[in-house]
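Asker: Residues per chain are reported as follows:
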Amino acid sequence: MFDHILRSNAARHFEIELASHCGFSSNNLGVTPVSTSTATGDDKKANRRATEDSSSVKRDRRARRMRLLILAPPLAFVLLLFVYPALELLWRSFTDPESGFGNYVRIATDPVVSTVIVRTVIMAAIVTVTSVVIAYPYAHLMSIATDRWRMVLTAVVLIPLWTSLMARTFAWIVLLQNDGPVSGLFELFGFGPVTLLGTTPGVVIAMAQVMLPFVVMPMYTNMKAIDLRLLDASRSLGAKPFTVFRKIYLPLSFPGIASGATLVLVLSLGFYVTPALIGTPQNSMFGQYIAVQINELVAFGYAGALAVALIAVTLILLGGVRIATKTKMSDSQSSIGGR
Amino acid sequence: MMRNRKALPLAAAGAVVAMTLTACGGGIGSGDSSQVVFATTGGTTTEALQASAYETLAESGIEVLEETPNDRAKLIAMTESENPMWDVFHSAPYDTIEQCGVLYEEIDFDRIESDGVNLDSANKCGVPFLQSNFVLAYNADTYGDNPPTGWEDYYDPEFPGERGIMNYPKDMGLETALLGAGVEPDDLYPIDYDKAFETLDGIRGNLHFFSTGAEQQTALANGTVDMMLAWPTRLAGAQEKGPDIEVVWNQPIAYSDALGIVKGAPNQDAAYELINAILDETSQAALAEVMPITPVNENVPTSDAPEIEEFLNTEEKSEGTTITRNDEWWGENRDEATERWTAWVNR
Chain G
1 MFDHILRSNA
11 ARHFEIELAS
21 HCGFSSNNLG
31 VTPVSTSTAT
41 GDDKKANRRA
51 TEDSSSVKRD
61 RRARRMRLLI
71 LAPPLAFVLL
81 LFVYPALELL
91 WRSFTDPESG
101 FGNYVRIATD
111 PVVSTVIVRT
121 VIMAAIVTVT
131 SVVIAYPYAH
141 LMSIATDRWR
151 MVLTAVVLIP
161 LWTSLMARTF
171 AWIVLLQNDG
181 PVSGLFELFG
191 FGPVTLLGTT
201 PGVVIAMAQV
211 MLPFVVMPMY
221 TNMKAIDLRL
231 LDASRSLGAK
241 PFTVFRKIYL
251 PLSFPGIASG
261 ATLVLVLSLG
271 FYVTPALIGT
281 PQNSMFGQYI
291 AVQINELVAF
301 GYAGALAVAL
311 IAVTLILLGG
321 VRIATKTKMS
331 DSQSSIGGR
Chain X
1 MMRNRKALPL
11 AAAGAVVAMT
21 LTACGGGIGS
31 GDSSQVVFAT
41 TGGTTTEALQ
51 ASAYETLAES
61 GIEVLEETPN
71 DRAKLIAMTE
81 SENPMWDVFH
91 SAPYDTIEQC
101 GVLYEEIDFD
111 RIESDGVNLD
121 SANKCGVPFL
131 QSNFVLAYNA
141 DTYGDNPPTG
151 WEDYYDPEFP
161 GERGIMNYPK
171 DMGLETALLG
181 AGVEPDDLYP
191 IDYDKAFETL
201 DGIRGNLHFF
211 STGAEQQTAL
221 ANGTVDMMLA
231 WPTRLAGAQE
241 KGPDIEVVWN
251 QPIAYSDALG
261 IVKGAPNQDA
271 AYELINAILD
281 ETSQAALAEV
291 MPITPVNENV
301 PTSDAPEIEE
311 FLNTEEKSEG
321 TTITRNDEWW
331 GENRDEATER
341 WTAWVNR
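Chains as they are written, first to last, in this note's numbering: chain G, 1 to 339; chain X, 1 to 347.
Calculated directly from the structure, the hints in this document are not laboratory data. Don't be surprised by glycine CBs; every beta carbon is placed ideally from N, CA and C. Hints may be right or wrong, so weigh each one.
[As the list claims (entries may be wrong)] Short derived list, chain G residues pointing at chain X, Cβ under 7 Å:
#1 S114
#2 T115
#3 V118
#4 L277
#5 T280
#6 P281
[Stated by the list, open to error] Here are the simulated distance ranges between beta carbons:
#7 X/E66 - G/D110: 51 to 57 Å
#8 X/A58 - G/F82: 38 to 44 Å
#9 X/G205 - G/F242: 42 to 48 Å
#10 X/N146 - G/P181: 29 to 35 Å
#11 X/E316 - G/I122: 51 to 57 Å
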């Protein structure tokens with residue numbers, strides 16, 4: 001019962017939201033997509049009726065007007081508060097302080113930019129791998145747990161998501177202190193007292209925690225749909241447990257990994273709050289460099305160009321991931337289903 | 001029709017709410033001199049002024065609306081759009097010098113009640129309202145009998161200890177590095193970047209960068225750093241948490257904070273009232289009581305409370321070694337210095 005609700009509503013909804021964010025269709029994830037547009041169907045029906053009855057033409061027109069009316073506020077909202085500022089940013093990157101490509105030339109020749117971009121990409125990659133490695137067994141556990149445990153496990157992942165990012169980041173500052181509990185944990189395992197606050201490992205730990213729900217949920221949705229009888233079948237044909245995992249479960253769970261990893265990668269590339277508060281200026285990420293341009297140098301044009309550069313880097317990486325996962329996915333499909 | 005009748009009052013209510021909200025945020029174009037919007041830092045300075053200057057103004061019927069933090073990027077965006085919502089901006093002299101007539105109105109000094117007020121460090125667009133010093137502070141519990149004695153020790157790679165520094169060049173990282181390298185105080189400006197960064201390179205491995213006073217205070221208090229190029233206003237707070245914090249009274253660097261009137265500010269009359277209220281004895285005494293600052297109003301004595309006095313620069317302590325930040329240079333070179341600093345930090 002609970003499982004049904006969770007899967008059909010919460011998880012799938014989440015999944016679709018994620019999928020639309022990162023360009024993965026929910027089909028990849030083994031979930032039937034929820035039909036989001038009934039408009040075309042309605043129109044056809046209405047058109048057919050319209051030939052029979054002129055009053056329904058009026059009704060149809062009214063309905064269309066109604067739709068526009070309903071659509072107008074959110075559309076205006078997006079245009080005014082997102083599209084306009086984004087265009088303004090783009091415009092300024094070509095006009096401020098003087099018109100031309102000056103800002104972009106500066107990006108190409110500024111050694112700090114390349115250092116920070118490389119650092120940001122590496123950082124995002126580390127966070128992505130860390131999150132996936134932590135989330136994978138967790139999502140698997142969620143997919144095979146009893147209803148009650150699943151509820152607990154889901155809550156543990158999602159409750160932090162509902163907590164303010166600032167509050168969580170400040171909590172991490174406390175946890176990562178020199179004599180804090182995380183350092184104590186390392187000590188318990190004989191690694192001696194470690195400095196985490198202001199270091200890359202510290203930022204990775206905190207960021208991975210923030211990112212966890214974004215990778216656990218897609219993986220869970222995917223794993224839940226895996227037919228576990230396939231595992232029994234392969235075992236009964238003599239496959240060893242590791243072979244079963246490597247040849248059957250891992251390929252089948254790959255779409256979930258790809259979806260979660262992509263989302264975390266994209267979010268990490270533009271992350272600001274956590275690295276700014278937990279990291280140091282020496283290991284600052286791209287968002288922090290943009291913040292310096294805005295807050296201290298008030299170079300809106302250059303900051304805009306940097307933001308465009310960040311989007312370009314993100315798109316390039318996404319394209320790369322997309323190509324890689326496509327090959328991988330068709331590989332795994334042909335190896336399992338023989339298609 | 002019915003629907004429209006309902007919608008109209010709703011829209012009107014919405015507009016009223018929106019107007020109220022924006023009014024709270026800064027009174028757009030109200031021009032009403034019964035209020036003044038003060039963009040300031042928050043923290044101890046602001047609390048002291050709330051209990052003094054704000055009260056003075058309230059008595060004459062002017063309400064002070066406060067905006068924190070005093071975000072300079074916001075100020076620029078506001079003045080660029082020629083629709084500023086702020087009146088008085090808590091600034092630094094180098095900024096009021098550099099941006100005079102752009103971000104700030106020229107001050108009519110005839111309207112400043114300067115009785116007893118030291119306006120030596122005033123400029124055309126800026127009125128100084130508190131004076132303090134960047135200092136070398138250290139944890140006396142850690143160093144015991146071998147404390148640092150000057151910037152030479154702070155910048156000496158052989159000298160033990162983790163160092164704290166603010167991640168803003170304007171907070172004297174460059175000047176102190178040059179002093180550490182043996183440059184004479186008179187030869188500090190124009191800043192020799194190469195020499196400064198070379199000196200900073202030496203201690204890079206032991207440097208911790210901070211961006212807020214709170215971080216600075218915590219790091220000194222919990223022993224993350226052993227010595228710090230510090231804001232004196234945060235030292236008492238660090239000491240309260242346990243460690244014995246001492247200051248090396250050798251070459252502290254004096255600076256002042258300034259008040260500027262925002263270019264095109266809607267409540268300029270009230271802005272002068274606020275500035276005068278902050279310069280008067282009540283407010284200056286309130287500031288001096290809670291922070292190690294030298295009041296600009298010379299009728300007000302510095303604090304003799306031990307926890308304040310300990311971190312206050314006096315002639316007896318610094319014996320003529322005090323250096324004054326060159327606000328003219330910083331006005332002209334702030335952006336370049338920030339770019340070079342950011343590049344060095346990120347290297």
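Asker: Could you run down the list of hints and mark each one as holding or not?
Answerer: Consistency of the hints with the structure:
1. S114: violated, 10 Å
2. T115: At about 6 Å, which falls below the 7 Å cut-off, the nearest Cβ of chain X leaves the hint on G/T115 intact, so it holds.
3. V118: violated, 11 Å
4. L277: Violated, about 9 Å.
5. T280: Status holds, d = 6 Å.
6. P281: This hint holds: G/P281 lies near chain X, its Cβ roughly 5 Å from the closest one there, short of 7 Å.
7. X/E66 - G/D110: 51 to 57 Å: violated, 38 Å
8. X/A58 - G/F82: 38 to 44 Å: holds, 41 Å
9. X/G205 - G/F242: 42 to 48 Å: Given a distance of about 44 Å, which is inside 42 to 48 Å, the answer is holds.
10. X/N146 - G/P181: 29 to 35 Å: holds, 34 Å
11. X/E316 - G/I122: 51 to 57 Å: The hinted range 51 to 57 Å holds for X/E316 and G/I122, with Cβ atoms some 53 Å apart.
Checked against the numbered hints above, the structure violates hints 1, 3, 4 and 7; every other hint is satisfied.
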